[in-house]
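Novice: Given next are the chains, with one letter for each unit.
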Amino acid sequence: QKEVEQNSGPLSVPEGAIASLNCTYSDRGSQSFFWYRQYSGKSPELIMSIYSNGDKEDGRFTAQLNKASQYVSLLIRDSQPSDSATYLCAVSRSTLGRLYFGRGTQLTVWP
Amino acid sequence: SQTIHQWPATLVQPVGSPLSLECTVEGTSNPNLYWYRQAAGRGLQLLFYSVGIGQISSEVPQNLSASRPQDRQFILSSKKLLLSDSGFYLCAWVLIDEQYFGPGTRLTVT
Chain A
1 QKEVEQNSGP LSVPEGAIAS LNCTYSDRGS QSFFWYRQYS GKSPELIMSI
51 YSNGDKEDGR FTAQLNKASQ YVSLLIRDSQ PSDSATYLCA VSRSTLGRLY
101 FGRGTQLTVW P
Chain B
1001 SQTIHQWPAT LVQPVGSPLS LECTVEGTSN PNLYWYRQAA GRGLQLLFYS
1051 VGIGQISSEV PQNLSASRPQ DRQFILSSKK LLLSDSGFYL CAWVLIDEQY
1101 FGPGTRLTVT
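Top to bottom, those sequences are chains A and B.
For the first sequence, my numbering gives the first residue as 1, with consecutive numbering after it.
For the second sequence, my numbering gives the first residue as 1001, with consecutive numbering after it.
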């Protein structure tokens, strides 16, 4: 069983703060890692992908991967109320392979 | 550009009725396609995936079935719906290594 674990939250941060979302996975063969954002009532939207150890930055988002610790995180800098959503972590063994999703962390950014 | 469509957007069906949900993809050929279900307060559950016409792999052997009659069309069906089939049904496809979701169909079984 390939497990992907996330803190369910809710995680609540003030506007302008850094939100830190964490994810651990059990399959050491995982090669691809993704973060999705899902607004209430909407479908998940891909916001970050990362494949190698280290940090990957895209605007206010930074994904961090540590394969040795089987850990991937998402940092959101200068959090905005519009970032309030559920964030899903997903991992895959190979390109074009099936994804294994965590259950998501609910983030609330209050003004 | 590549887009993915799902319909209907919402559906209310009585227990025991049949179901047919459709997913179509534009702007690409021979995509890998996936059906997921997200029940209220639960995670994403992979139901079926397909790597080509007529090729379906099932992850959940319940009262649901899937078909891929055309390269860019993926259909989810049921002969008799159960209350537990209620949820948000999502179709997804893969571009290079990244998976993208359609807008979803919200199904309520009454």
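These are calculated hints, taken from the structure and not from any lab test.
Don't be surprised by glycine CBs; every beta carbon is placed ideally from N, CA and C.
Check each hint, because a few of them may be wrong.
With the C-beta cut set under 10 Å, the calculated list includes, among others, these residues of chain A facing chain B [as the list claims (entries may be wrong)]:
(1) Q38
(2) E45
(3) L46
Novice: So, for every hint listed, does it hold in this structure?
Specialist: We went through each hint and held it up to the structure:
1. Q38: 9 Å, holds
2. E45: This hint holds: E45(A) lies near chain B, its Cβ roughly 7 Å from the closest one there, short of 10 Å.
3. L46: 6 Å, holds
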